[in-house]
Structures are given as structure tokens and as C-alpha cells.
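From first to last, the protein sequence lines stand for chains A and B.
In case it helps, the working numbering puts the first sequence at residues 1 to 398.
In case it helps, the working numbering puts the second sequence at residues 1 to 380.
Derived by calculation from the structure, the hints in this document are not laboratory data.
It cannot be assumed that every hint is accurate.
Said to hold, decoys possible - Here are the simulated lysine-lysine pairs, DSSO-like style, with alpha carbons at most 30 angstroms apart:
no., chain 1, residue 1, chain 2, residue 2
1, A, Lys53, A, Lys40
2, A, Lys180, B, Lys325
3, A, Lys388, B, Lys325
4, A, Lys110, A, Lys40
5, A, Lys388, B, Lys192
6, A, Lys388, B, Lys328
7, B, Lys23, A, Lys393
8, A, Lys238, B, Lys328
9, A, Lys393, B, Lys192
10, B, Lys328, A, Lys255
11, B, Lys192, B, Lys118
Said to hold, decoys possible - Cβ-Cβ distance ranges computed for the label pairs, FRET-style:
no., chain 1, residue 1, chain 2, residue 2, range
12, A, Asp167, B, Lys267, 31 to 39 angstroms
13, A, Arg262, B, Glu42, 33 to 41 angstroms
14, A, Ile203, B, Glu42, 25 to 33 angstroms
15, B, Asp198, A, Arg21, 55 to 63 angstroms
16, B, Thr211, A, Val395, 53 to 61 angstroms
17, A, His352, B, Glu261, 53 to 61 angstroms
18, A, Pro61, B, Gly270, 57 to 65 angstroms
19, B, Ala34, A, Ser304, 28 to 36 angstroms
20, B, Lys267, A, Ile203, 44 to 52 angstroms
Here a beta-carbon is modelled for each residue, glycine too, at the ideal position from N, C-alpha and C.
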Amino acid sequence: MDLALTPEHQAFADEVRDFARQNLSPATREKTFSGKHYDKADHVEWQKALGRKGWLPYTWPKKYGGPGWDVTRRFLFENVLAEEGAPRIIPFGVKMVGPVIYTFGTDEQKERFLPGIRSSEVAWCQGYSEPGAGSDLANLRTRAVREGDHYIVNGQKTWTSFAHWADWIFCLVRTNPDAKPQEGISFLLIDMKTPGVSVRPIIMTDGAHHVNDVFLDNVKVPVANRIGKEGEGWTCAKFLLANERLGIAEVPASKRGVRSLRDIARTEPQDGRTLADDPAFVAQIADIDLQVQALEMSELRALSTMALGGAPGPEVSTLKIRGSEIQQRIAELTMEAVGEYAQPYQPGMLFHDTNETPIGPDHAVPAAPRYFNMRKTSIYGGSNEIQKNIVSKMVLGL
Amino acid sequence: MDLSLSDEQKQLQDAAERFVRDKYAFENRRKIAATEKGWLPENWAQMAELGWLGMSFKEEDGGYGGGPIETMIVMEQFGKGLVLEPFLPTVVLGGGMIAAVGSAAQKEALLAPMIEGKKQFAFAWLERQSRYNLADVSLKATKEGSGWSLSGHKGVVYNAASADQIIVLARTAGSAREEKGLTLFVVDGNAKGLSRRDYPTQDSLRASELTFDKVSVGADAVLGTVDGAFPVAEDAVDRAIVALCAEATGCMDAVNAATLEYIKTRKQFGVPIGKFQVLQHRMVDCFTNAQEARSMTLMASLKIEDKDPVVRHKAASGAKVQIGKSGKFCGQSAVQMHGGMGVTDELSVSHYFKRLTMIDLMFGTQQHHLTRYSNLAMAA
């Protein structure tokens with residue numbers, strides 16, 4: 001047993017780090033470390049740089065234009081980039097629809113869609129959830145009716161991240177209302193410019209706009225845009241969800257959060273000293289620090305199993321649950337470290353590049369909004385209640 | 001022992017409930033928050049007319065002879081509606097300190113018009129370095145002829161932009177963080193040398209950073225005794241904490257009710273999600289938390305005018321610990337059980353969650369008050 005990386009993997013991590021340092025814009029990096037929001041250009045500029053290097057489709061096999069990395073390299077790639085302050089790669093193209101297309105799509109579909117995903121020329125979003133289909137995704141109602149070589153699609157998708165930036169949306173739609181819920185579903189790719197597609201922003205607790213409602217009103221979609229057979233959309237959906245394994249625990253972001261929390265404690269004044277001199281407060285930081293270590297080690301254990309070709313054990317199922325709770329706790333402690341100065345609300349500084357100066361210390365600006373925003377991590381991607389149901393059923397056999 | 005409300009108190013509760021129902025439908029609140037002042041003068045006038053601005057003051061001070069229970073009753077309803085009018089800074093803090101130590105002239109010039117709804121106040125105690133230590137004051141007041149000159153900075157001063165007078169905690173003697181040597185001054189909101197940077201808070205209230213650059217005031221601006229303000233400010237903050245606890249219990253009741261309704265109606269997997277035991281138990285914990293919060297708030301309201309300062313301080317800190325804990329649990333649970341809807345600006349849930357979060361940060365977090373309570377309890 002050895003916790004250290006092999007020389008090859010270490011050299012790989014160094015190469016990724018060098019690339020990030022040379023290609024990530026300092027302004028974007030600064031936004032990561034100060035907790036401010038990226039705009040579309042920040043994401044696209046960075047993803048195009050990765051695309052030029054051939055690294056954007058980092059989970060793809062060589063056959064489809066990916067680097068063909070082993071599981072350890074993919075893991076290192078994600079971690080090193082996160083440590084360097086790179087924005088997370090928007091997953092909808094590279095991690096979600098891309099693999100669905102190369103696994104279930106026709107050769108024509110592969111040729112048509114994969115290049116734009118590899119280069120980040122085309123932005124994607126995900127049309128899964130609906131107002132009545134959240135945790136119970138198979139209950140989705142968006143209807144696609146076949147008319148010749150087209151489908152006419154009607155319905156509403158919701159919680160659609162970055163729909164306002166996207167060129168295309170991949171949707172689960174109901175093509176057969178008479179089949180069992182999971183059997184009447186198909187997987188369609190829809191150009192966002194098609195008449196009848198409209199996007200309405202959903203404003204979050206902290207004032208941010210990331211997610212949207214997407215309305216589909218008599219949208220005409222060529223049958224050629226269906227991936228897989230009619231009625232086999234659920235297979236694509238399941239495949240896609242299974243693709244989300246490691247990385248979901250957000251360990252690098254939490255490690256950065258703990259470091260930043262200690263830095264803040266060292267500067268926040270209290271009784272003529274700093275918060276770092278308050279044993280009750282620093283003990284809470286130590287507690288969350290150790291939780292992050294346990295999470296990281298669980299992730300590494302899963303990685304080690306997978307690297308040897310095995311299936312990851314139950315630990316991987318709990319990573320998302322603990323990962324979200326830990327992120328939330330770090331955000332909570334950071335806000336409490338700031339104290340009264342977490343109260344001023346400065347949306348200009350959070351969302352736009354302005355000349356505004358912070359009311360309190362710089363780190364106070366995103367403290368409360370981040371705490372509010374992090375509540376979503378135990379809700380999205382399958383709420384923690386749903387995750388626990390899965391663990392109790394699939395892992396524990398209850 | 002009798003823990004029930006009197007008939008008058010029940011009437012007050014009904015009136016406050018009616019006010020919130022009529023004026024603070026959620027979309028209405030959003031409109032009020034977006035106005036220039038961030039609160040409505042007509043609502044303030046109505047509060048004066050209903051007697052709420054004077055109800056907790058003694059009759060000889062122009063009030064109607066009520067006390068902390070009356071404050072608790074209206075604050076709880078304000079919490080249900082997330083009311084934006086500056087009752088806490090004006091009546092509980094400003095009015096409370098003037099009633100406690102003001103001269104007859106000050107009571108006549110300030111308290112009487114406040115009760116009529118014609119004056120508003122703000123309390124400037126916090127500085128960048130003070131965190132929750134009320135004695136950590138460096139804004140200096142120096143003798144200038146028969147009066148004083150104030151220079152320094154105050155932060156996160158609620159209602160400063162609307163306040164006719166700002167009550168400023170200043171250092172007149174002693175060293176940093178010394179309790180002795182602090183003095184309260186009544187400063188006009190538009191005094192020369194006083195500048196403001198106004199901003200909204202996370203929960204849609206209004207606050208300001210204040211810079212005092214040789215602001216001159218007369219000798220009659222001193223509220224209470226020179227160098228003797230610390231216990232006055234401490235008691236005022238303790239009363240404000242208890243009032244905030246009542247507001248928080250109102251927030252918790254409202255957010256619990258909204259969540260209960262949601263889990264009864266929101267269907268997934270063919271049944272209301274409230275049929276799932278994991279949500280049932282969490283909902284029960286929410287109600288238990290709200291009960292504890294209500295109990296500690298009532299206890300603190302009954303003890304906050306005790307003769308023994310240690311009893312008062314322990315009551316305020318004890319209730320604040322409970323409100324911090326329960327508010328966090330109810331707020332976070334409400335968001336979680338609402339799922340995606342809970343993290344949007346669209347529903348009231350996120351707004352209750354924000355207010356409960358800010359209440360925990362105001363005048364000391366749960367952790368701060370646990371330490372304060374513990375120190376007081378160990379010393380006894």
C-alpha cells in the first residue's frame with residue numbers, strides 16, 4: 001500500500017498544473033478564490049483552451065477524440081484544476097450528452113455533435129426535471145408526438161442550469177403515454193433556436209441567475225435528433241446518471257474552503273485579537289477539516305478499487321451525501337466567522353465586474369450568499385433523501 | 001403562575017395578526033422592500049395610531065404602560081410577515097434607551113414624538129473590529145467647549161438612513177475594550193460631518209456605514225451619564241435580543257406552516273411527500289424546535305426586566321442560543337423539504353430562511369451567546 005502517486009501519475013499532475021497556470025486567466029482564477037460568480041465568457045474561454053489541448057472531453061476514449069485517460073488521471077485532472085482555481089467544466093456537453101451520443105448515437109449523430117462538444121463551440125443544457133418530476137423523474141410529462149419525420153414537443157422543463165447560455169438542450173420526453181412510466185420515454189436533442197423554445201430565469205435565494213424554466217410550445221424536432229430508439233430514453237438517462245461517479249463530493253472545493261476559513265479566522269478581529277485565538281471557533285474548523293479528510297480518503301479508496309478494475313463499494317454512494325453536508329457546513333462557518341458584516345448585500349460585487357468597494361472585508365461579500373446558495377447541494381442531482389433511499393436499498397438491501 | 005395572555009394582550013395579538021395579513025402578503029412585502037426607504041410611512045403611521053410605538057413605555061413617559069410581553073406579541077407577528085418597518089431600532093433600542101436614562105427634556109423632545117410616529121432612531125454601536133463585544137468601541141468623543149466632538153466609524157447601523165436621530169456609543173475615556181469610559185450621544189441624522197454609505201442587507205432591510213468627522217454636539221446630546229453607558233447599552237441590546245427572539249419564533253411558525261402545507265400537497269411517486277417517514281420525522285423536529293424557541297422567548301421576556309442584571313443577561317443569551325439553533329434547523333429543513341423551490345427567491349420560504357439566518361448573526365451568534373451564558377453561569 002502506498003498513498004503516494006506513481007512517478008507517471010505525478011508527472012501527469014504536474015503537467016496539468018503547468019497548463020492551468022499558463023492558460024487560466026488570472027481574473028477567472030480570482031473569481032474562484034473570492035467566491036464571485038463567473039460569466040459565460042469565463043467558462044467558454046477556459047473550456048476552449050482545454051479543447052485546443054484536447055483535454056476538454058477528459059473522460060472520453062481516444063476513438064471519439066478524447067485523451068483516453070485511466071480513472072486515476074481523470075481524477076487527478078479534476079482535482080488539480082480545482083486546486084488551481086479553474087471553473088468546473090460545465091458537465092452537460094462533455095460529461096453528459098457527449099458520452100450518450102457516442103454510446104447510443106448513429107455515426108451521423110457522432111459526426112454532427114461531438115466536434116462542437118470537444119471544442120466548447122456549442123453549449124449544452126439538460127432538460128430532465130419538470131415541475132411534477134423532480135425526485136420522481138420517470139413521472140415526466142413533456143410530450144413528443146410523431147408527425148412524419150418530426151416530433152412536435154410540448155411541455156415544460158425546470159431547474160435547467162445555464163439554459164440561457166445554451167445552444168442546444170438534451171431532453172427526456174414522453175413519446176408513448178400508454179407504456180409504463182420508464183418505457184415511454186425518448187431522448188431528444190433540441191436546438192434552442194427552434195421556434196417555440198423559450199427560457200424564463202429562476203432567481204435563486206442569493207439573487208443569482210443560473211437556472212431556468214424552459215418552455216416547449218409546439219417545438220418541431222427532426223426525428224434525426226433522437227438518440228437511441230424511441231422509448232429507450234430511460235436507458236440513456238440511467239447511463240448518464242451512472243457516469244456521474246467520482247468528483248461529485250467536491251473535495252478540492254471543500255479543501256480550499258477550509259484553507260480560506262482558517263485565513264479568514266486569522267484576520268477577523270475579536271476582543272483585540274483574532275478569531276483564530278478563539279478555541280471554540282477553531283475547534284469547529286478542525287472538526288470540519290477532519291470530515292473533509294475522511295471524505296477525501298473514502299474517495300481515494302473508491303478510486304483505488306476502480307483503478308484496479310473493480311467496482312467501487314458502498315463508500316462511493318455516500319460521497320455525494322457527505323460532500324454536500326460538508327460544503328454546507330464550511331459555508332455556514334465562513335459566514336459565522338464574518339459575523340455582523342455578513343449582513344450587507346452587494347449583488348454588484350457578486351455578479352458583475354464593478355468598481356464597487358466592499359462594505360466590510362472583501363471575504364464578507366460572498367459569505368452569506370454562498371451559505372444560502374450551498375443549500376442546493378443537498379437537493380440537486382438527486383436529493384440527499386433520495387440518495388439515502390438508494391444506499392439503503394441497493395447497498396444495505398433494506 | 002399564569003402563562004396566558006390577558007384580554008388586552010389577546011386584542012393586541014389579534015390587531016397585529018390583522019395588520020400582517022392586510023399589509024404583508026408576500027408580494028406586497030416585495031414591493032415595500034423595493035421602495036426608496038424600504039418601509040412604508042403609512043404603515044408606520046398606522047402602528048402609531050394602534051398605539052404600538054408607545055405600548056411598552058411607562059405612562060409617565062407618555063407610554064401606555066405595557067412591557068416586554070407586549071413587545072413579544074407584536075414582534076412575533078412581525079416575524080410571521082417579515083415586516084420591514086424599523087420597530088426594533090426605533091422603539092426597542094432607541095426608545096428603550098431614552099426611556100431608561102433620558103432626561104425629562106430628552107423624553108419630551110424624542111420619546112413623545114417617537115410614540116406619535118414622528119421620529120425614528122438608529123443605534124450605532126458596532127465597529128469594524130468589535131464583532132459582538134459592545135465595549136470594543138474606538139469612535140472617540142472629545143470635549144469641545146461645553147459640548148463634544150465625535151470622530152470615527154460605525155458599521156451595519158440599521159435604519160440610519162431613515163433615522164431622525166442616531167444614538168451613538170462613543171469612547172469618552174479609558175482604553176480599548178474597557179467597559180468604563182463609554183458614553184451615549186444623540187446625534188441628528190443630518191449632522192454636519194456625518195456621512196453615510198447606505199445599502200440593503202441580505203434580508204431586505206436597510207443599514208449604513210457611518211463616518212463621523214468632527215461631528216459637534218452640545219452637552220445636552222449626552223444620553224445618561226458620561227462614561228457610564230456600558231450597562232445601558234448592554235441592557236438595550238439584551239432587550240433587542242429578546243424582541244428578535246420573538247420575531248424569530250414568528251418566522252419559524254410561518255415557515256413551518258408553509259412547509260407542512262407543501263409536504264401535504266407536493267406529490268412524487270404518486271403520493272404526497274409528507275407520507276414519507278423521513279420527512280414526517282423532520283417536520284416533527286421542526287415543530288419541536290419552534291416550541292422550544294417559543295418557550296425560551298417567553299421565559300426571556302418574563303425575566304428581561306428582572307432587578308438582577310445577571311438574570312437579565314442569562315435570559316437574553318439563553319434565548320438567543322435557542323433561537324440560533326432552532327432557527328437554523330427550521331430554516332434549513334424548510335428549504336430542504338421544499339426541494340428546488342426552497343432555494344428560489346420566488347417563494348417566501350427562502351426569505352424566512354434569510355431572516356432567521358441574519359437574526360442569528362445580529363448581536364451575537366448562537367456560539368457567542370453560548371459562551372456568554374456559560375461564563376455568567378460559571379461565575380454564579
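Now the hints, each set against the structure:
1. A/Lys53 x A/Lys40: holds, 20 angstroms
2. A/Lys180 x B/Lys325: The hint is violated at about 45 angstroms.
3. A/Lys388 x B/Lys325: Holds: A/Lys388 and B/Lys325 sit about 25 angstroms apart, inside 30 angstroms.
4. A/Lys110 x A/Lys40: holds, 25 angstroms
5. A/Lys388 x B/Lys192: Since the Cα atoms of A/Lys388 and B/Lys192 sit roughly 62 angstroms apart, the hinted pair is violated (cutoff 30 angstroms).
6. A/Lys388 x B/Lys328: holds, 22 angstroms
7. B/Lys23 x A/Lys393: violated, 49 angstroms
8. A/Lys238 x B/Lys328: Violated, at roughly 35 angstroms.
9. A/Lys393 x B/Lys192: With a Cα-Cα distance of about 70 angstroms, the restraint between A/Lys393 and B/Lys192 is violated, given a limit of 30 angstroms.
10. B/Lys328 x A/Lys255: Given pair B/Lys328, A/Lys255 holds - Cα atoms ~24 angstroms apart, limit 30 angstroms.
11. B/Lys192 x B/Lys118: holds, 22 angstroms
12. A/Asp167 x B/Lys267: 31 to 39 angstroms: For A/Asp167 and B/Lys267 the Cβ distance comes to about 34 angstroms; the hint holds.
13. A/Arg262 x B/Glu42: 33 to 41 angstroms: Check failed, 49 angstroms falls outside 33 to 41 angstroms.
14. A/Ile203 x B/Glu42: 25 to 33 angstroms: holds, 28 angstroms
15. B/Asp198 x A/Arg21: 55 to 63 angstroms: Since the Cβ atoms of B/Asp198 and A/Arg21 sit about 41 angstroms apart, the hinted range of 55 to 63 angstroms is violated.
16. B/Thr211 x A/Val395: 53 to 61 angstroms: Holds, since B/Thr211 and A/Val395 (Cβ atoms, about 59 angstroms apart) stay within the stated range.
17. A/His352 x B/Glu261: 53 to 61 angstroms: violated, 37 angstroms
18. A/Pro61 x B/Gly270: 57 to 65 angstroms: violated, 40 angstroms
19. B/Ala34 x A/Ser304: 28 to 36 angstroms: violated, 55 angstroms
20. B/Lys267 x A/Ile203: 44 to 52 angstroms: violated, 25 angstroms
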